[in-house]
Amino acid sequence: MRLSRAGLAGLVRRVLPPMAVMVAVVALWWWVVVRAESAIFPTPAAVVTGAWELVEDGTLWEHIRASLMRVGAGFGLAVLVGIPLGLWMGWVGAAYRTLNPIFQMLRPISPIAWIPLAILWFGVGDLSPIFLIFISSVFPLIVQTTSGVHTIDRRYLRAAANFGVSRAVLFRQVVIPAVLPEIIVGMRIGIGVAWLVVVAAEMIALRSGLGYLIMDSRNAGNRYDLVVAGMVIIGLIGLMLDGITRLLERLKTVRWRYVR
Amino acid sequence: MSADRPPKLSVRGVRKQFVSAKGGALPVIDDVSLDVQEGEFVAIVGPSGCGKSTLMNVIAGFERPDAGSVLLDGVPLAGPGPRGIVISQHGSVFPWLNVQQNLMFGLGDVHGADGGARAALADHYAAVVGLKGFESAYPHELSGGMLKRVELARALIVKPELLYLDEPFSALDALMNLRMRNELLRVLQEERHTVLLITHDVEEAVYMADRVLVLSPRPATIQASFEVTMPHPRRLGSPAAQVLREAILKELGL
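Protein chains in written order, with our numbering: chain A, -14 to 245; chain B, 12 to 265.
So here's chain B without its partners, still in its complex pose (with noise of 0.2 Å):
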């Protein structure tokens, strides 16, 4: 790492507490610092309850620190933005826009000049996440992973520097929370991007990141840090991911 590149995503000493309904002050993140480099998938795993969630808003500028800063290359962060886009547990895929429409949503707006470039690279998208095919359909016509398939996309389509996954795929079924973790993949593999993913699932953190961080209970503090080095396609049941499964799992105390 040089000195005159700052990483993407720079946190330094995130503190931010709540007041709580007796009146008195109810700490959640205490003291977070991380570095995520450009194009690196970093993921961080905790207890729920542990100020996950709280963190992801911070970092993703919805909510201000008490304590400490966020840093996109370098520069503060003054709020959300379309530079880092959040998808969440239980997504925000617009129920009254059709995919291409849902799609098209980040590129501003819809009624504009240029309509037709806009609606092409929608399409090009909706391919990417293999929903060919589904561009005229309205959200409630879907099943719950081609939902996170329209929202991975619509992300994907103003090229944000920054993807946070904020538990994204733990609305779904077991079977399907497999599959999209392969698409997921699948797709940063066609496109490279910085990832930011918060989970409570261990196995998921490891099957995907490059880097996990392990959050302690509240208040969130950051207790461990795992390099993972395996290749992709990983296989879970390798030993080498059971091990480093297994060191994830005592951090978190079980």
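So that you can see chain A by itself, here it is in the shape it has in the complex (with noise of 0.2 Å):
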């Protein structure tokens, strides 16, 4: 990447404030803690050292893929699911007032609230966070897909109708690409809710996973500075997640709808 003097200056003012408030607020705490005295909570350092030891042993790579797999399940057969419902019951009006008050209704409900039905059913495999995070990113897929059909435009809808196009044209040229901006938007909520709640789901009762990590670094000797360190991963990881489902909105047919 090639920058022009006024590009690196635009960068520095872009990163520079962001990285000030980390740098202040790392070292509030080492500040804080060192005043205190503290015999359990950890210092910046004494995270990384111990962040440090999970990488040289492999187990922090070992969590790290465990929970990426089940938001990687979890997410992917929510989308697989989400959009094509709320495209179904975005374009069918019988279908949206058919489901839509019962998914209202099942929405609010927390993932947390699941896990117990989630224990019962999947046990304490694999398949119970991945169910739990289907059933969170589901919902908001759902209805950013279905919200995205009924604001297309209707002049594109009469254009199509105009030109006599087939049902898969008007779906394929004019539909869905309508409406990808919605569902990119469904798929970043989506996958924000998918990786707050496989760090919960984890906590329960596996044996692998950053909330695993996170809990069996407290219960076996208060290793705190796991536990923040496990906070930091999982905090970066969220933020990259982010920013690869951002990366989406650059495409060329979602384009128009981020200028102007």
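Read the hints as simulated data drawn from the structure, not as lab findings.
Any given hint could be a false lead.
[What the hints assert, rightly or not] Among the chain A residues that face chain B by a calculated CB cut under 8 Å, a handful are:
#, residue
1, PRO93
2, TYR141
3, ALA146
4, PHE148
5, GLY149
6, VAL150
7, VAL154
8, PRO162
9, ALA163
10, THR238
11, ARG240
[As the list claims (entries may be wrong)] Footprint (simulated), chain A over chain B, 3 or more residues, beta carbon under 8 Å:
#, stretch
12, 52 to 60
13, 79 to 93
14, 140 to 154
[Unchecked claim] The list that follows gives simulated cross-link-like pairs (lysine to aspartate or glutamate, EDC-like), each with its CA atoms no further than 16 Å apart:
#, chain 1, residue 1, chain 2, residue 2
15, B, LYS143, B, GLU194
16, B, LYS170, B, GLU49
17, A, LYS237, B, GLU194
18, B, LYS170, B, GLU201
19, A, LYS237, B, GLU152
20, B, LYS261, B, ASP212
All C-beta atoms, glycine included, are put in the ideal place defined by N, C-alpha and C.
Both chains are sitting in their own frames, so use the hints and assemble them into the complex.
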């Protein structure tokens, strides 16, 4: 990537303030811990050393991989179910009127509330967290996709009717591209919720994953350095997942929505 | 006009009313009849809110009249279709398709067979409306005037028997408005089309049309009809054009 002088200055202006805030938070944390002479709560340095231990013995990667795999499976399933369902509900009024009330009722139930049922139905293996992630991310996907269909500008549907195109062309070239920006919003919300939930779900009874790492570190000898290390890693990966879904906004076919 | 050849477009006694917010009937179109012959350019002028767009919606098949009928080649119109393409004020160029894909839209499935021939046809029409070199540009990269050209080319490419222009250039700035009139006439010289233009701009009608119909205020009826016999290119400053303009404005009550 080539950067002009002005571009570089702009980058510095964008990156410097958030970096300064982070440095300030870490400094404050460090200062408070040292002043309080806490025996349990770790300093930033202790957290880094603790995390490095996990990197060296390879367990960190296993936890990350396990969590990401569960998110991938649950969220992938939600995409496969939620988007077609949302399109259908948006397009067919009867489907919307029939299904929307039940979904609106299920949607506000916290995924955490589903944990007992998940354990009952799926046991304590991988299936439980996958189910919880599915249930938490499928509703935002359905809702965003449906509202995307409902807000398609009428003049585009009229144009399609005017040209007398087939249903396949209508869907492929008008409805789906018109809704795509909303679908991407749904995916961003969905992946965010999924990542929140996987950690909570793994705290219950599994033997791997970042949520398990946090609970296990606390239970096995108050390793709060690892607890905090787990939290920081969860935050970083969440940021990364959001960044990846945001890349979708750069697709040429959705650029129209974000310019002007 | 021979009896065995019906007019291209025939509107017979069309009436349309809406239900007002208070529940009463609000007549919008009151017994409109008109004929447009093959290759003719007819303009309908009327004051704002007189029901021009409703009339266009009925003629293009998007709305059913309460009474009367719309005939294409003597056959009643069943609904909207590619035989008559509408170009309206705000336009409907798809923002998620590039220029070439927009032009190919009416030709059917882009991913289907014979894509090469379709693309070549699209590029040809892009050149006809002066968009050569912009085939892969997206609408948000184009100006208002260029978007109108895209819309015009997208309509022409399906070879519509009728071109319905509903205030086509009124969202453009004055200069671009004038330029697009000339562009439209130039394109129509290359490819003869039957055109029905609805506008509130008397000069636009006088500049382009073969015949100008004047609508009354709501409920709309056809109040007067003027033949425009001046040859193209017309000069709006010419005495004949001025006389015609004055006469039409007088019908509109100005």
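Okay, the hints, checked on the actual structure:
1. PRO93: violated (33 Å)
2. TYR141: At about 6 Å, which falls below the 8 Å cut-off, the nearest Cβ of chain B leaves the hint on TYR141 of chain A intact, so it holds.
3. ALA146: holds (5 Å)
4. PHE148: Holds, because the Cβ-Cβ distance from PHE148 of chain A to chain B comes to roughly 4 Å (cut-off 8 Å).
5. GLY149: holds (5 Å)
6. VAL150: This interface hint holds because 7 Å falls under the 8 Å limit.
7. VAL154: holds (5 Å)
8. PRO162: Holds, because the Cβ-Cβ distance from PRO162 of chain A to chain B comes to roughly 4 Å (cut-off 8 Å).
9. ALA163: holds (7 Å)
10. THR238: holds (5 Å)
11. ARG240: With a closest approach of 7 Å, the ARG240 of chain A hint holds.
12. 52 to 60: With 0 residues closer than 8 Å to chain A, the stretch 52 to 60 of chain B misses the three-residue bar; violated.
13. 79 to 93: Result for this restraint: holds, n = 4.
14. 140 to 154: holds (count 3)
15. B:LYS143 / B:GLU194: holds (15 Å)
16. B:LYS170 / B:GLU49: It holds: about 14 Å lies between the C-alpha atoms, which stays within 16 Å.
17. A:LYS237 / B:GLU194: violated (30 Å)
18. B:LYS170 / B:GLU201: Holds, because 13 Å separates the two Cα atoms, which is no more than 16 Å.
19. A:LYS237 / B:GLU152: Given pair LYS237 of chain A, GLU152 of chain B holds - Cα atoms ~12 Å apart, limit 16 Å.
20. B:LYS261 / B:ASP212: OK: LYS261 of chain B and ASP212 of chain B at ~14 Å, within 16 Å.
Violated hints, listed in ascending order, are 1, 12, 17; each of the other numbered hints is respected by the structure.
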